[in-house]
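Novice: The lines below spell out each chain.
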Amino acid sequence: MRCTPPRKIIVEASVAQDPSVAALRANLPSAEFEVVDEVHDTLSHDAGLLEVVRFRGRFLRPCPGTRRYHCCGYRILHFGTGCSLGCTYCILQAYLNNPNLRLFGNTDDLFRDLQQDLLASPHTLFRIGTGEFTDSLLLDPWTGFSRRLVPFFARQTNAILELKTKTDFVKNLEDLHHRGRTIVAWSLNGASVVRGEEYGAATLQRRLEAARSCAQWGYHLAFHFDPMLDYPGWREEYGEVLNRLFDTVPSERIVWISLGAFRFMPQLKATIQERYPRSPILCGEFIKGLDGKMRYFRDIRVELYRYMVERIRNVDPTLCVYLCMEATDIWQEAFGFSPERKGGVPAMLDRAVRERMGIEKP
Amino acid sequence: MEDPSYRTVLLDLINWKDERFAITSYLSSPLLDQSLERWGMLAPPWLWDTGEAGCTIVDGFKRLAWARDRRLSSARCLVFPQESDFQRLMLLRLETKLCSLALNVAEKAQVLAALVRCALSENILQEYLPRLHLPARREVIGPWCRLAASPSRLLQSAALGTVCERAALVLADWEDDARNEGLAILEQLRCSASIQMEILEHVSEIALREGKPKVTVLTDPTVTGLLQDRHSNHRQKTQALRTALTRMRFPRLAAREMEFRETLARANLPGSIRLLPPPAFEGDGWQLTLSFSNPHELRRVLPKATAFASSPLLEEILGKKGGSS
Ligand code: SF4
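If you read the protein sequences in the order shown, they are chains A and B. Quick note on the working numbering: the first sequence kicks off at 1 and runs consecutively. Quick note on the working numbering: the second sequence kicks off at 1 and runs consecutively.
Simulated from the structure, these hints should not be mistaken for lab results. It is possible that part of the hints are untrue.
Quick list of in silico lysine to any residue cross-link-like pairs, SDA-like style, CA-CA up to 20 Å [unchecked claim]:
1) Lys288/A with Pro277/B
2) Lys288/A with Arg256/B
3) Lys269/A with Leu169/B
4) Lys269/A with Ala207/B
5) Lys288/A with Lys304/B
6) Lys171/A with Leu85/A
7) Lys288/A with Asp173/B
8) Lys288/A with Thr243/B
9) Lys288/A with Ala255/B
10) Lys288/A with Val140/B
11) Lys288/A with Pro278/B
12) Lys342/A with Pro317/A
13) Lys212/B with Arg278/A
14) Lys269/A with Lys237/B
15) Lys304/B with Arg266/B
16) Lys293/A with Lys237/B
17) Lys342/A with Gln332/A
18) Lys212/B with Lys171/A
19) Lys269/A with Leu276/B
20) Lys293/A with Pro278/B
21) Lys8/A with Lys171/A
22) Lys293/A with Glu201/B
23) Lys269/A with Ala255/B
24) Lys293/A with Ala94/A
25) Lys288/A with Lys212/B
26) Lys293/A with Thr243/B
27) Lys269/A with Gly144/A
28) Lys212/B with Asp230/A
29) Lys288/A with Leu276/B
30) Lys269/A with Ser194/B
31) Lys237/B with Gly283/B
32) Lys212/B with Asp117/A
33) Lys269/A with Asp173/B
34) Lys288/A with Arg266/B
Derived list of chain B stretches under chain A, where covered just means 3 residues or more per stretch with a C-beta under 8 Å from a C-beta of chain A [as the list claims (entries may be wrong)]:
35) 197-209
36) 219-227
37) 267-274
Computed far set for chain B versus chain A, every beta-carbon distance over 12 Å [stated by the list, open to error]:
38) Ser28
39) Phe86
40) Ile124
From the three backbone atoms N, C-alpha and C, an ideal C-beta is built for every residue, glycine too.
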């Protein structure tokens, strides 16, 4: 992995006393700390900089699904933005106003708001993830945030946590009291994609070894083949990743596997071309989807998904596999059924939580 | 720097080979030619007295060339003394350029490249990029400098507007052989800016995906064949090239479209019934349109549409291959 600890931390004065800042100071003794009244958005990128700011919006948000494609009904716990792993395809490149790593330092507010939201809907099973606007564990070695988050979820009756990462930063999870309510999830990809497009992330080997460790510590696991890319040899490479995955972790620890073919907002194209002119990822057969995003022509998506579904079913026919943001016709062709027939994607995932994690909907 | 002075200078003293201050427009200037013929030189050119080496032209290349062509022996010029600083002179020269009529693409590129050599980068970002009508972003500068350093053929085409600004910037980054081929095609087709960009983008993406040089795509027999077709005009050639490149860029989508047309042909639908797939077959928004001009025609066409709706061919066309729902 190419991930180095932050060199400089700029902290807004109003969050300077937060436990996350104390953890950063303790874990990064040689970093330069600067306390300012307010951190302003900037256009210039500094890979070694971490900004700790007060977040004034809603910490818990619904996943930004669209009407035309089936969404998994996941909720995002918004705890920071940005990522330094530098995947060529990363949508954050077009999404965020600020290019630097940013953490929300008012974590007491975060836990308070989260608790209120969970209490307000006691009969809802919340599936909550933190890896939407950043990688869930990227800064964990220095913030130790998982050491507060995982035990918090262990105390809840109507929520589970999914930490999504491409790192192998799992050390903090080892001795935590998680009560089986945290899923640790990895994005996986074909070997040449990991090498060529995810060059800052952990190798496949290290991701799978980290997953094995988490399984040994009693965590449930999930895997996301997202974004899947269409390239010569994808079948062999994705098949190989599945083989290695099922050789490394027991399939019964896996709660779900999601599949999502590469899609991107049109404005991301210029950014990728400028930053990674040699990357072939934009050369696929992309068409404009019903949500305005560019996606592979449907037959290609169906082929990618069908192959994976078949391979996974051969190993574990009851394992929940779902498609991220796809329409009924694609589900139908990839799985032979539509999500409606299973009660919808959220119901499928709730069922997986019940069957694999033993957690009933409250 | 000492002040310049107006002097009548013998043209023989001018070092015509020194083109350090040249910013070539690549265009003829009929208005300037007419004015010179009628009134002579109204504004004195600028020279830099470089001592032994004679005088270097700073501004007024066209005017002085006119004087030479007219075999004039001397011209009244504004002469900067020998101790003048090159960079400062260049900035003055660029200032006059920036204040003149709108610069063409080639001039814009050369002005920016010259500014990069002699102005502070902060000034370029804050002052000069906006004056050149370019976004004030650092990453804008590189491509324009590369265009300025391109062979004159590309600059000339850009100046003439034969290739649009964005296409010129793209071509500047291509390898020599691909640039020459690409330029020749765009010059031949004389198509709009958006079509030029579409062509170049398809060529780049096909080459990148297939791991071959761009020139190989441009000299593919399909491409050269249709460009050499003596029976089509440039509009038809443009359309044919776009179709061919789109097929090469989207081979599976093209194959699916072909399959759709072939399967639909088997249905033998009358011309008044049209089945339209959703764009790129995405989603389930299929359309069946019936055209008629009177109730009788509609009554005649409806049973055919109904029969088609219940035929297995429709199922096949819609491509429902995934089993029961
Ligand atoms: S790990 Fe995720 S968030 Fe980080 S760069 Fe890669 S895609 Fe973006």
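Novice: Hint by hint, say whether it matches the structure.
Specialist: Hints and how they fare:
1. In summary, the hint linking Lys288/A to Pro277/B is supported, as the alpha carbons are separated by about 15 Å, within the 20 Å threshold.
2. Proposed proximity of Lys288/A and Arg256/B is supported: the alpha carbons are some 16 Å apart, at most 20 Å.
3. Only pairs whose Cα atoms come within 20 Å are accepted, and Lys269/A paired with Leu169/B is accepted, the gap being roughly 17 Å.
4. Between Lys269/A and Ala207/B the alpha-carbon distance is near 17 Å, which keeps this suggested pair within the 20 Å criterion.
5. A distance of roughly 33 Å separates the Cα atoms of Lys288/A and Lys304/B; the hinted pair therefore is violated under the 20 Å criterion.
6. With a C-alpha separation of about 19 Å, the suggested pairing of Lys171/A with Leu85/A holds against the 20 Å cut-off.
7. Under the criterion of a C-alpha separation no larger than 20 Å, the hint pairing Lys288/A with Asp173/B is inconsistent with the structure, at around 28 Å.
8. Taken as a hint, the Lys288/A and Thr243/B pair is honoured in the structure, with Cα atoms around 18 Å apart against an allowance of 20 Å.
9. Between Lys288/A and Ala255/B the CA atoms are separated by roughly 18 Å; this keeps the pair inside 20 Å, and the hint holds.
10. With a C-alpha separation of about 28 Å, the suggested pair Lys288/A and Val140/B falls outside the 20 Å cut-off, and the hint is violated.
11. Restraint check: the Cα-Cα separation between Lys288/A and Pro278/B comes to about 11 Å, which is no more than 20 Å; the hinted pair holds.
12. Restraint check for Lys342/A and Pro317/A: the C-alpha separation of about 15 Å stays at or below 20 Å, so the hint holds.
13. Between the alpha carbons of Lys212/B and Arg278/A the distance comes to roughly 12 Å, so the proposed pair stays at or under 20 Å and holds.
14. Restraint check for Lys269/A and Lys237/B: the C-alpha separation of about 28 Å exceeds 20 Å, so the hint is violated.
15. A hinted pair counts as satisfied when its Cα atoms are at most 20 Å apart, and Lys304/B with Arg266/B qualifies at roughly 14 Å.
16. Straight-line distance between C-alpha atoms of Lys293/A and Lys237/B comes to about 31 Å, which puts the hinted pair past the 20 Å bound.
17. Of the supplied pair hints, the one linking Lys342/A and Gln332/A holds, its CA atoms being roughly 12 Å apart against a limit of 20 Å.
18. For the given pair, Lys212/B sits about 45 Å from Lys171/A by alpha-carbon distance, which is inconsistent with the 20 Å threshold.
19. This hinted pair does not check out: Lys269/A and Leu276/B have alpha carbons roughly 29 Å apart, beyond 20 Å.
20. Distance hint between Lys293/A and Pro278/B is fulfilled; the C-alpha atoms sit about 16 Å from each other, no more than 20 Å.
21. For the given pair, Lys8/A sits about 23 Å from Lys171/A by alpha-carbon distance, which is inconsistent with the 20 Å threshold.
22. Note on Lys293/A and Glu201/B: the hinted pairing holds, with a Cα-Cα distance of about 19 Å set against a maximum of 20 Å.
23. Restraint check for Lys269/A and Ala255/B: the C-alpha separation of about 25 Å exceeds 20 Å, so the hint is violated.
24. The suggested pairing of Lys293/A with Ala94/A holds, with an alpha-carbon distance near 12 Å, which does not exceed 20 Å.
25. Note on Lys288/A and Lys212/B: the hinted pairing is violated, with a Cα-Cα distance of about 26 Å set against a maximum of 20 Å.
26. Among the hinted pairs, Lys293/A with Thr243/B is inconsistent with the structure: their alpha-carbon atoms are about 23 Å apart, more than 20 Å.
27. In summary, the hint linking Lys269/A to Gly144/A is not supported, as the alpha carbons are separated by about 35 Å, beyond the 20 Å threshold.
28. Under the criterion of a C-alpha separation no larger than 20 Å, the hint pairing Lys212/B with Asp230/A is consistent with the structure, at around 18 Å.
29. Taking the CA atoms of Lys288/A and Leu276/B, the gap is near 17 Å; set against the 20 Å cutoff, the hint holds.
30. A threshold of 20 Å between alpha carbons decides the hint, and for Lys269/A with Ser194/B the separation of about 16 Å falls inside it, so the pair holds.
31. Taking the CA atoms of Lys237/B and Gly283/B, the gap is about 33 Å. The hint is violated against a cut of 20 Å.
32. Only pairs whose Cα atoms come within 20 Å are accepted, and Lys212/B paired with Asp117/A is rejected, the gap being roughly 55 Å.
33. Taking the CA atoms of Lys269/A and Asp173/B, the gap is about 18 Å. The hint holds against a cut of 20 Å.
34. Using a Cα cut-off of 20 Å, the hinted pair Lys288/A and Arg266/B is violated, with the two alpha carbons roughly 29 Å apart.
35. Taking a C-beta to C-beta cut-off of 8 Å, the segment 197-209 of chain B contributes 4 residues in contact with chain A, enough for the three needed, and the coverage statement holds.
36. Here the segment 219-227 of chain B counts 0 residues with a CB under 8 Å from a CB of chain A, which misses the bar of 3, and the coverage is violated.
37. With a cut-off of 8 Å between beta carbons, the segment 267-274 of chain B has 0 residues touching chain A; three or more are needed, and the interface restraint is violated.
38. Once the 12 Å rule is applied to beta carbons, Ser28/B is consistent with being away from chain A; the minimum gap is 36 Å.
39. At roughly 32 Å, the least C-beta separation between Phe86/B and chain A is larger than 12 Å, which holds for a residue marked as non-interface.
40. Once the 12 Å rule is applied to beta carbons, Ile124/B is consistent with being away from chain A; the minimum gap is 16 Å.
Comparing the model with each earlier hint shows violations of hints 5, 7, 10, 14, 16, 18, 19, 21, 23, 25, 26, 27, 31, 32, 34, 36 and 37; every other hint is respected.
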